[in-house]
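**Student:** Use the sequences and the hints to build the structure in full.
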Amino acid sequence: MPSLSLRINLDPDGRIGPGKVELLEQIAAFGSISAAARGMEMSYKHAWDLVEDMNRVFGKPLVAAQTGGRKGGGAQLTSVGLAVVSRFRAIERAASAAAATHMEALQAEIDAG
Numbered sequence: 030m031p032s033l034s035l036r037i038n039l040d041p042d043g044r045i046g047p048g049k050v051e052l053l054e055q056i057a058a059f060g061s062i063s064a065a066a067r068g069m070e071m072s073y074k075h076a077w078d079l080v081e082d083m084n085r086v087f088g089k090p091l092v093a094a095q096t097g098g099r100k101g102g103g104a105q106l107t108s109v110g111l112a113v114v115s116r117f118r119a120i121e122r123a124a125s126a127a128a129a130t131h132m133e134a135l136q137a138e139i140d141a142g
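Mapping of the sequence shown onto the numbering used here: residues 30 to 142, in sequence order.
None of these hints come from the bench; they were simulated from the model. Certain hints may be false.
FRET-style restraints, in silico, Cβ to Cβ [said to hold, decoys possible]: (1) Q95 <-> L135: 42 to 50 Å; (2) W77 <-> A128: 27 to 35 Å; (3) S32 <-> T107: 27 to 35 Å; (4) N84 <-> G142: 21 to 29 Å; (5) I120 <-> G88: 17 to 25 Å; (6) A134 <-> A58: 34 to 42 Å; (7) I139 <-> D40: 32 to 40 Å; (8) Q136 <-> G88: 35 to 43 Å; (9) M30 <-> M69: 21 to 29 Å; (10) G142 <-> Q95: 55 to 63 Å; (11) L135 <-> G88: 34 to 42 Å; (12) E138 <-> K74: 42 to 50 Å.
Everything numeric in this text was worked out from a predicted model, so none of it was measured. Ideal placement from N, C-alpha and C gives every residue a C-beta, glycine not left out.
**Tutor:** This is the structure:
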């Protein structure tokens with residue numbers, strides 16, 4: 030069955046898609062940017078660059094990070110970060126539901142050979 034992948038172009042010059050949203054979800058789950066990066070098999074620098082890009086696009090932090098030390102660092106999503114994940118997943122579900130009939134028709138074309 031075909032699947033739908035959603036990428037949203039944000040005004041004026043940003044984008045958010047499944048990779049960035051998964052990164053936010055992993056940060057929320059692990060409480061750490063580095064652990065999220067490891068889980069997604071990307072470098073810490075790349076993960077941090079993606080977080081910084083999202084912060085820039087939205088004009089406010091999506092992730093609140095605490096620097097390491099004796100007690101260790103950590104990260105958690107801000108209310109904006111949680112809202113972005115929730116809204117993206119809701120848009121994704123709505124788009125998939127709206128496209129379901131057309132996706133089935135595409136698969137039928139493939140199956141008909």
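**Student:** Of the numbered hints stated previously, which ones are contradicted by the structure, given in increasing order?
**Tutor:** 4
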